[in-house]
Amino acid sequence: MRLAFTPAEEAFRLEVREFVRTRLPADIRRKVELGLRLEHADYVTWFRILEARGWLTPGWPVEHGGPGWSPIQRYLFDEETLLGGAPRIIASGIQMLGPVLIAYGTPEQKAKYLPDIRASRTWWAQGFSEPGSGSDLASLRTTAVADGDDFVVNGHKIWTSYASWCSMMFALVRTDPHAAKPQEGISFLLLDMASPGVTVRPIRMLEGGTDLHEVFLDDVRVPRVNLVGALHQGWTCAKFLLGHERTGIAGIGSCKQQLARARRLSAQQGLDRDPAWIARLAQFEIELMALEATALRLLSPGQRSPVPQVEASMLKVRGTELRQAIHEALFEIAGPHALPFDADALFLESLAGMPAPPELGTLAANLLDSRKLSTYGGSNEIQRNVIAQALLKA
Amino acid sequence: MDFTLTDDHLALRDAVRRCCDGEFPASGRGLPESTETEGRRHAAFAGLGLLGLQVPPAHGGSGLGPVEAMLAAQELGRALAGVTWLASAVLAAPLIAEAASPAQQDRWLGAMAAGSLRATLALEEPRMRWALHDLRTQARLGADGWQLDGEKAGVLDGGAAGLLLVLAAAPEGPTLFAVDGGDAGLSRRPYRLLDGRCAAHLRFAGSRAEPVGRPGAGLELAESALDRAGAMLVAETTGAAEALMALTLEHLRTRRQFGKPLAAFQALQHRIADHAIALELLESMAGVAALSLQDDTPQRRVRGVAAARTLCAQLGRRLALDAIQLHGAMGMTEECAAARYAKRLLVNGALFGDADFHRQRFAALPSDLASQGDTP
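Sequence lines, in order, name chains A and B. Residues in the first sequence are numbered from 158 upward in steps of one, following our numbering. Residues in the second sequence are numbered from 57 upward in steps of one, following our numbering.
Take the hints with a grain of salt, since some may be wrong.
[What the hints assert, rightly or not] Chain A stretches covered by chain B per the calculated footprint, using a threshold of three residues with CB under 8 Å from any CB of chain B: (1) 208 to 218; (2) 332 to 345; (3) 535 to 548.
[Claimed, not checked] Pairs of lysine-lysine residues, derived as DSS-like cross-links and limited to a Cα-Cα distance of at most 30 Å, are as follows: (4) B:K316 to A:K550; (5) B:K316 to A:K338; (6) A:K550 to A:K396.
Just so you know, these hints were derived from the structure itself, not from any lab. Think of the CB as a built atom: it goes at the ideal place given N, C-alpha and C, for glycine as much as any other residue.
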């Protein structure tokens, strides 16, 4: 056991830090630090910088362009990029679909889609949730009926992130309505968003953002070759996808990024002389230490690696709840400056017109936005169910 | 950061667990021990090598480090073991090995590792609230050597320990002095802590004493000893909390109301899920605390231990009190094993400082995030 990272790991950390410091465009860094919205072009710019260095797809196998990092290296990469003010790698093509295609796709699918994902030419929408199917995803009702060489898809997807930037969607659809169990009649399809019958409508969220969308699918024709994995076996792909991204699930880099921001702004606002506030920040830092040590302990070889479901659920719950608590503290730091609000407050140009100092003007919106953390990726209530069921199994 | 345990670690842990299973039958765990039982168990720890874990091989110990001690402490916590190991092998032995003269080491360490001599530290005084300020116990150099006058409170195993290392004000500043347990000027008032473990109030009236360590270095030595013990308290808490959760889970599985086991109620499921998360955090912080003890810079040591002790006190108390609630009325009874574990958790959260005390120590140090997160 040892507390320090190895010299090689520290060297890697410094390499990433230096890369971010020198290569991340200043305007993107500024938006991230202020908690502002990033445009599609901002992400693409940064992703292409990472891809040129071979660092965009840490979770992919080496033969498909992954860098071959250890779990610790991936952890350090997340932390250093976020602390350096870089955007998160949010693209679901990179984080979700890529690994699924690599595991379950046909050679043709891999050849056709993977290069465009890595080059950030194609953004993929995740067509999972539906109005009636959130936590109970397997109850989904979007149907796909075979018709010649095509499926004909009808249904309604919702909470689709960045759909307006996406030219393709991977979707779970019901292909066998008579299957014995709800999970058994589902298939995993790749769908061109430009197809006739696809309608995308942005959803205005409470903090003013429009990252999420509804997607209406009316008689959309999808070629049968766009089926991933076996017919009616899409749930297997979905489970693989949801279980794939585990090392970053605690969001420790984001926690550190926000806590560093809280420390910076506390000092600016003169709160750093208040003993109660000092104790509050110390408490966050202690809880963050515990979260980080837990994530790293679960990554240690011989411990319980690869992190199984229950540990992942624990890290998700603790990580998201800590980050939300830090956002509440940030909101308090803004004090009266948190109150003037413009629905477009998350855009740099709107922020300039607001009465609050720019670094405080986004904190209310960021707090509201942070409520998504305990909702997405399996709500924290579902995670607690998962943990309890494993514990209470007699 | 790497938490991998070696085969030797696992073997040590298993050996301690087997010893505890033999010495601490489940039904009696946490009940106050008689002096005879305490002595017999201390001898068993000696036989296992636990008392010499951090004693140099030259003095009959195995010269191991805090990680091995942490693994032992987890098992002792699981068994709700008494206080002699903590007092003699954790508080006193490493301090003696670090600071005492070669002659003192020859006199004490071998006997301590063998279990024939039990030592402890006497630091806090009745007027103190954990911080070792405003020391009233005085050391005076007379014609016959050093003499101590004063009072010490909350001395672990203070009723029976044969060697007392006492922090006292001396001309050079706070200094540690050794007092023999049989000293004529020493009077002891033993008592039990909330969880049944042994402590004592000590009064020194012209007690004969010899300095241990450099004159004036007493506070520094005492604080590192308290951090070593603090890290072990976190480990002990982890073991105890794990055993407590096993009891709670068993209760939820077997107790039936409204025609189904309590385990079927989601409100209770979510509470036990939070217990499991707290337990993982505690176990991680036990590792952080133990590993921090190996750090050469005192600041890093204090940072790791103080953080761990803060969370240990907070989560330990939460787990303790909530486990009582989940056991229902049974949890309120003296015979309920869960209640005895709960008491241990409460005590470990307040020995040598509570959450606020340790969080202040932590906050007084520079933040890691101050340097790391500030992008210009």
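The hints, checked one at a time:
Counting residues of the stretch 208 to 218 of chain A whose beta carbon lies closer than 8 Å to any beta carbon of chain B gives 0, which falls short of the minimum of three for the stated coverage. Given as covered by chain B, the stretch 332 to 345 of chain A fails the check, having 0 residues with a CB less than 8 Å from a CB of that chain where 3 are the minimum. Evaluation of the coverage hint for the stretch 535 to 548 of chain A: fulfilled, as 8 residues show C-beta separations to chain B shorter than 8 Å, against a requirement of three. Restraint check for B:K316 and A:K550: satisfied, since their Cα atoms lie roughly 15 Å apart, inside the 30 Å limit.
Taking the CA atoms of B:K316 and A:K338, the gap is about 26 Å. The hint holds against a cut of 30 Å. A distance of roughly 21 Å separates the Cα atoms of A:K550 and A:K396; the hinted pair therefore holds under the 30 Å criterion.
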